Amino acid sequence: MTANQNQDIVTRRLVLGAGGLVLSGIANIALEVLAKPKPQNQEIWTAKRVLSGQTLEAVPEGSTKRSRIRLIGISAPALDQDPWGLVARDALEEMLGADPFILERDVEEKDDSERLLGYLWTDDKMVNVALVQNGYVLAAVKPPNDRYRDLLENAQAQARLLGLGIWNPQNPMRLTPAEHFRRKQQGG
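The numbering of the sequence shown is this note's numbering, which starts it at 171 and goes up by one.
Everything labelled a hint here was simulated from the structure, so no lab data went into it.
Pair by pair, the computed Cβ-Cβ distance ranges are: (1) Asn211 - Gln340: 35 to 45 Å; (2) Glu227 - Lys295: 13 to 23 Å; (3) Arg319 - Lys295: 17 to 27 Å; (4) Asp320 - Pro270: 21 to 31 Å; (5) Leu332 - Glu284: 30 to 40 Å; (6) Asp252 - Arg330: 20 to 30 Å; (7) Asp294 - Arg352: 31 to 41 Å; (8) Ser233 - Leu332: 39 to 49 Å; (9) Gly357 - Lys295: 38 to 48 Å.
Note that this is a predicted model, so its numbers are computed, not measured.
Glycine residues also receive a C-beta, built at the ideal position from the N, C-alpha and C atoms.
Model the full assembly from the supplied sequences, consistent with the hints where possible.
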């Protein structure tokens, strides 16, 4: 066997080993993301209007009074971040549909804009995680509302590895929502 043949064998083994590690990493992330946590409370709500990829108007069961709800642990592209803002809004709207959902609260009840804060659940699936996992929004966990930090961050790692949505290498989101907002404030 020649030195070049030995080199080729070593190179193939390294490439196969690296590929195996990547697949193993994706599988581990997928298993953790797919582990099914359950909501810790059972507030039943129905969506009336989705305003963005992270905010909606909804009514609690037995009431007609609308409240604004902000999904926590995520940061959605602004509506004018083409095409990502509208895609995120439409994805949230599709995930919620007309069926009731469960609103699970974390530590803080409301944000500075008086929106209710929470995780949304449909069919035993957390909508916040599904939005991140499919690359519609960023994971943006801020204490003290960090009950599902690991789940959200692992969902984002999976979306990035798979190049989904905002992580698509052919058409990535170039600015985070916070960077986009700052640029608009500076007149850019």
